[in-house]
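Asks: Chain order of the listed sequences is C and F. Its first residue numbered 1, the first sequence is counted upward by one per residue in this note's numbering. Its first residue numbered 1, the second sequence is counted upward by one per residue in this note's numbering.
Rather than coming from a laboratory, the hints here were simulated on the basis of the structure. There could be a bad hint or two in this list.
Each pair may be met inside one copy or between any two copies, as identical chains are not told apart.
To be verified - Dumping the calculated BS3-like pairs for lysine-lysine here, alpha-carbon to alpha-carbon at most 30 Å:
1) Lys269 <-> Lys199
2) Lys199 <-> Lys249
3) Lys199 <-> Lys180
4) Lys400 <-> Lys199
5) Lys180 <-> Lys225
6) Lys249 <-> Lys180
7) Lys41 <-> Lys249
8) Lys249 <-> Lys269
9) Lys199 <-> Lys225
10) Lys269 <-> Lys400
11) Lys180 <-> Lys41
12) Lys436 <-> Lys269
13) Lys400 <-> Lys249
14) Lys400 <-> Lys41
2 protein chains.
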Amino acid sequence: AQEGTSVELEDYVSQLSTADQCLALSRLDEAEETQVLEALKAEDAAELISHLPEVEAARMLGLLDTSTAAAIVQEMPSDEQADVLGDLSDAQAEAILDELPREEAAAVRELSSYDDDEAGGMMVREMLRFSDQMSVRDVIQDLSDHGEDYSDFDVRYAYVCDSDDRLVGVLPMQNLLFVKRAERLADLMIVNPISVQAKASLDDLVELFDAHNYLAVPVVDEEGKLQGIVHREAVDYEETRAIESDYLKSQGIVGGEELRTMPLWLRAKRRLSWLSINVFLNIGAAAVIAYFQDTLQAVIALAVFLPIISDMSGCSGNQAVAVSMRELSLGLVRPTEMLRVWWQEVSVGLINGAALGLLVAILAVLFNGNPYLGIVVGIALFTNTIIAVSIGGVVPLLLKRFGFDPAVASGPLLTTVTDMCGFFLVLGLATMMLSKLI
Amino acid sequence: AQEGTSVELEDYVSQLSTADQCLALSRLDEAEETQVLEALKAEDAAELISHLPEVEAARMLGLLDTSTAAAIVQEMPSDEQADVLGDLSDAQAEAILDELPREEAAAVRELSSYDDDEAGGMMVREMLRFSDQMSVRDVIQDLSDHGEDYSDFDVRYAYVCDSDDRLVGVLPMQNLLFVKRAERLADLMIVNPISVQAKASLDDLVELFDAHNYLAVPVVDEEGKLQGIVHREAVDYEETRAIESDYLKSQGIVGGEELRTMPLWLRAKRRLSWLSINVFLNIGAAAVIAYFQDTLQAVIALAVFLPIISDMSGCSGNQAVAVSMRELSLGLVRPTEMLRVWWQEVSVGLINGAALGLLVAILAVLFNGNPYLGIVVGIALFTNTIIAVSIGGVVPLLLKRFGFDPAVASGPLLTTVTDMCGFFLVLGLATMMLSKLI
Numbered sequence: 001a002q003e004g005t006s007v008e009l010e011d012y013v014s015q016l017s018t019a020d021q022c023l024a025l026s027r028l029d030e031a032e033e034t035q036v037l038e039a040l041k042a043e044d045a046a047e048l049i050s051h052l053p054e055v056e057a058a059r060m061l062g063l064l065d066t067s068t069a070a071a072i073v074q075e076m077p078s079d080e081q082a083d084v085l086g087d088l089s090d091a092q093a094e095a096i097l098d099e100l101p102r103e104e105a106a107a108v109r110e111l112s113s114y115d116d117d118e119a120g121g122m123m124v125r126e127m128l129r130f131s132d133q134m135s136v137r138d139v140i141q142d143l144s145d146h147g148e149d150y151s152d153f154d155v156r157y158a159y160v161c162d163s164d165d166r167l168v169g170v171l172p173m174q175n176l177l178f179v180k181r182a183e184r185l186a187d188l189m190i191v192n193p194i195s196v197q198a199k200a201s202l203d204d205l206v207e208l209f210d211a212h213n214y215l216a217v218p219v220v221d222e223e224g225k226l227q228g229i230v231h232r233e234a235v236d237y238e239e240t241r242a243i244e245s246d247y248l249k250s251q252g253i254v255g256g257e258e259l260r261t262m263p264l265w266l267r268a269k270r271r272l273s274w275l276s277i278n279v280f281l282n283i284g285a286a287a288v289i290a291y292f293q294d295t296l297q298a299v300i301a302l303a304v305f306l307p308i309i310s311d312m313s314g315c316s317g318n319q320a321v322a323v324s325m326r327e328l329s330l331g332l333v334r335p336t337e338m339l340r341v342w343w344q345e346v347s348v349g350l351i352n353g354a355a356l357g358l359l360v361a362i363l364a365v366l367f368n369g370n371p372y373l374g375i376v377v378g379i380a381l382f383t384n385t386i387i388a389v390s391i392g393g394v395v396p397l398l399l400k401r402f403g404f405d406p407a408v409a410s411g412p413l414l415t416t417v418t419d420m421c422g423f424f425l426v427l428g429l430a431t432m433m434l435s436k437l438i
Numbered sequence: 001a002q003e004g005t006s007v008e009l010e011d012y013v014s015q016l017s018t019a020d021q022c023l024a025l026s027r028l029d030e031a032e033e034t035q036v037l038e039a040l041k042a043e044d045a046a047e048l049i050s051h052l053p054e055v056e057a058a059r060m061l062g063l064l065d066t067s068t069a070a071a072i073v074q075e076m077p078s079d080e081q082a083d084v085l086g087d088l089s090d091a092q093a094e095a096i097l098d099e100l101p102r103e104e105a106a107a108v109r110e111l112s113s114y115d116d117d118e119a120g121g122m123m124v125r126e127m128l129r130f131s132d133q134m135s136v137r138d139v140i141q142d143l144s145d146h147g148e149d150y151s152d153f154d155v156r157y158a159y160v161c162d163s164d165d166r167l168v169g170v171l172p173m174q175n176l177l178f179v180k181r182a183e184r185l186a187d188l189m190i191v192n193p194i195s196v197q198a199k200a201s202l203d204d205l206v207e208l209f210d211a212h213n214y215l216a217v218p219v220v221d222e223e224g225k226l227q228g229i230v231h232r233e234a235v236d237y238e239e240t241r242a243i244e245s246d247y248l249k250s251q252g253i254v255g256g257e258e259l260r261t262m263p264l265w266l267r268a269k270r271r272l273s274w275l276s277i278n279v280f281l282n283i284g285a286a287a288v289i290a291y292f293q294d295t296l297q298a299v300i301a302l303a304v305f306l307p308i309i310s311d312m313s314g315c316s317g318n319q320a321v322a323v324s325m326r327e328l329s330l331g332l333v334r335p336t337e338m339l340r341v342w343w344q345e346v347s348v349g350l351i352n353g354a355a356l357g358l359l360v361a362i363l364a365v366l367f368n369g370n371p372y373l374g375i376v377v378g379i380a381l382f383t384n385t386i387i388a389v390s391i392g393g394v395v396p397l398l399l400k401r402f403g404f405d406p407a408v409a410s411g412p413l414l415t416t417v418t419d420m421c422g423f424f425l426v427l428g429l430a431t432m433m434l435s436k437l438i
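Throw the hints in and build the complete structure from the sequences for me.
Replies: Printed below as a string of structure tokens:
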């Protein structure tokens, strides 16, 4: 980064699109990152930081002195405040909270007590909230008094509370265009509005927004007191995160998102912890080969086909895993419907197993001219394809049913079992037909 | 499904949540599906169908007679109309279009000419649209005359056009609360509003909604005439679909989404086309083993470690692929930054390769007591881990840069190369040290 006054820097940064700002920021070293964030207005720094992945946002806030960090946090929407402080160390988060106005700190502390994927963790306090005793005139006065404060809110709906802060109604703001200014909100509002508890899960919220064309839903506590609102956008965001996280976990990135700007040791350690588990799972498959060493030594051509059997079965099984994960996330299959899924996979496995088995059998005969080698590898791949799609289809349902995360565990489980079965089939059949193969 | 009058059926269906309705519908045979959709009001059937995956929605519409299907399509938002008709055969789509009111059919035909992930394919025509010559009084009169028609719209903003239908301004509806009813929209609206062309890409829209806190953006043609609006929600939806589709493609589900309710032959054919390519890629790895047959026969213990080397390298490489895919989608890395990514992966590869190589070397020595076997497999896995993470990290960038789809091709390319290199390293080293291994 060039030397320059903070005004020049600010001008330069503000010319870039938000995406380019994020890219540029991630290319700086820590001293430069600090310099940029300190030079920006707290408001602009908050805007920039809220476009970064949360772990990155937390890391950068951690670089700043407490009062600068607090000034930036204060400009963020309340749900993001809680998320980003949750990714800091407790000491850092507390230091920043101490610098915030007392009321705001208390609000953030409360939001932080919820998980990111609960209604409480997704809700914001920025909303239009009026007493049911107010008149339309009072509301219009309030809107023009606080126009600036409300400018970031979604003002399509206002939420109406009684004198005990209990949510009693929702008011579509455009209705105010058609009514007399003396009317009271209690007479205009939609009563018994749909609301959710702060502990409502992401699945509940996805279903609610699927069923209703709402932009936001109010959150209440056990006594019906209004706590905040959850925007449809926040739910979509968490849903996307869940899908992305499933993809990363299925590829062996577990224990949280990895970005290449993170410390090397953390990246290596996280990846290694998953890889080490896989080494031990692999021993199962290796043991099968060790058991049949004599057969393999006698018919070394078999060794040429072992990786094909292993890889093709893994591929077929992964396809079935992907379809099960997709159907689970669409709600098109229940975790209990294992028999149904198994049968649907076996049908595909019979067709594809026959096609692949025949193909590999032909390759084997072309390779060394012995038709029995073709028979052994063909039958093994045919059978193992059916096993692989059965396991791939059913295992995600089984894991989900018993409360495990299907995205993390399905792949390694599948590979272990299909490799063991595949090697057992090839080498077991070869042992039975040994006289024909030599 | 039980026999029953359509009223009973309707009552029963309407009790279920939308998610349960979708699940229940997907469990019926085609005759029963037809019966349910015909029994429901067109409006309710449209609501139900729009919650299904598009391929399912299209299949179900295809079962109905043309006039029932057209009545349901007429109740859907305009972007979904185009999407679902796009998934029907041309003949079926034309038959349904012929039953729609002429103007609506023309609108759907035009929307269908855009891809799902272009602004034109995501836009809806349902919006508040006024002339700049209208007064606030005219608008309020129009709103109360058409309240019913507008009930599904997002009425936070109105779009203001001149007499040539060109977009000239945007009007936040709540501002109407604070102004005199005689004022003209031309004097109230925000002029020079941000708009996009109908051909704007999903990436453009994602960036726009990232940078601006809008709920919707207007779409104009080359002459600046207002065509429709794209809701943030539609962009989020397409973004989620793109991520899901990347996940499915990375697991070998290519050529479109697969649901187990689809015809068996289609499911088997699509999966098989991807698997067959993999068989031929596998021949590369098999050829390496074939080349070193004599070494393998002499030291059969090597065969026990080949699948471990192959699987572990594949796992390490997949982790790198996942991080690259994620950083590409977050815009945190550009496709040209291959050297940077390569170096970041090599650092992880050195650490994890050393750890895994040592672990497997120990296992090898425990297995047959020969330290040279440990040296061969340890060095091979160490080296191949570095190769695997290098390829895994760089290949997605390379594919993206040259216009290929990294989600489809990264996995198979990675596996092929890491298997070939892994087998070559183990067996090549063993050949060099053959006298120590026997």
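Asks: Give the relationship of Lys400 and Lys199 under a CA distance limit of 30 Å: within one copy only, between copies only, both, or neither.
Replies: within (21 Å within a copy, 41 Å between copies)
Asks: Which holds for Lys199 with Lys249 at a C-alpha limit of 30 Å: within a copy, between copies, both or neither?
Replies: Within one copy only: 25 Å inside a chain, 35 Å across chains, cut-off 30 Å.
Asks: Please sort Lys400 with Lys249 into within, between, both or neither, judging by C-alpha distance up to 30 Å.
Replies: both (15 Å within a copy, 22 Å between copies)
Asks: Could you place Lys249 and Lys180 in one of the four classes (within, between, both, neither) given a Cα distance threshold of 30 Å?
Replies: neither (57 Å within a copy, 58 Å between copies)
Asks: At most 30 Å between C-alpha atoms: does Lys41 with Lys249 qualify within a copy, between copies, both, or neither?
Replies: neither (37 Å within a copy, 43 Å between copies)
Asks: Can you give me the call for Lys400 and Lys41, within, between, both or neither, at a CA distance of at most 30 Å?
Replies: Answer is neither: 46 Å inside a copy and 36 Å across each miss the 30 Å cutoff.
Asks: For the identical chains here, do Lys199 and Lys180 meet the 30 Å Cα criterion within one copy, between copies, both, or neither?
Replies: neither (39 Å within a copy, 45 Å between copies)
Asks: Indicate which option fits the pair Lys269, Lys400 if close means a Cα-Cα distance not exceeding 30 Å: within, between, both or neither.
Replies: both (27 Å within a copy, 29 Å between copies)
Asks: Under a CA distance limit of 30 Å, which applies to Lys436 and Lys269: within one copy, between copies, both, or neither?
Replies: neither (50 Å within a copy, 34 Å between copies)
Asks: For the identical chains here, do Lys199 and Lys225 meet the 30 Å Cα criterion within one copy, between copies, both, or neither?
Replies: This pair counts as within: shortest intra-copy Cα distance 14 Å, inter-copy 47 Å.
Asks: What label fits Lys249 with Lys269 when the C-alpha limit is 30 Å: within, between, both, or neither?
Replies: both (15 Å within a copy, 28 Å between copies)
Asks: When no copy is specified for Lys269 and Lys199, does a C-alpha distance of 30 Å or less occur within a copy, between copies, both, or neither?
Replies: neither (33 Å within a copy, 45 Å between copies)
Violation of the numbered hints given earlier is confined to hints 1, 3, 6, 7, 11, 12, 14; the remaining hints are satisfied by the structure.
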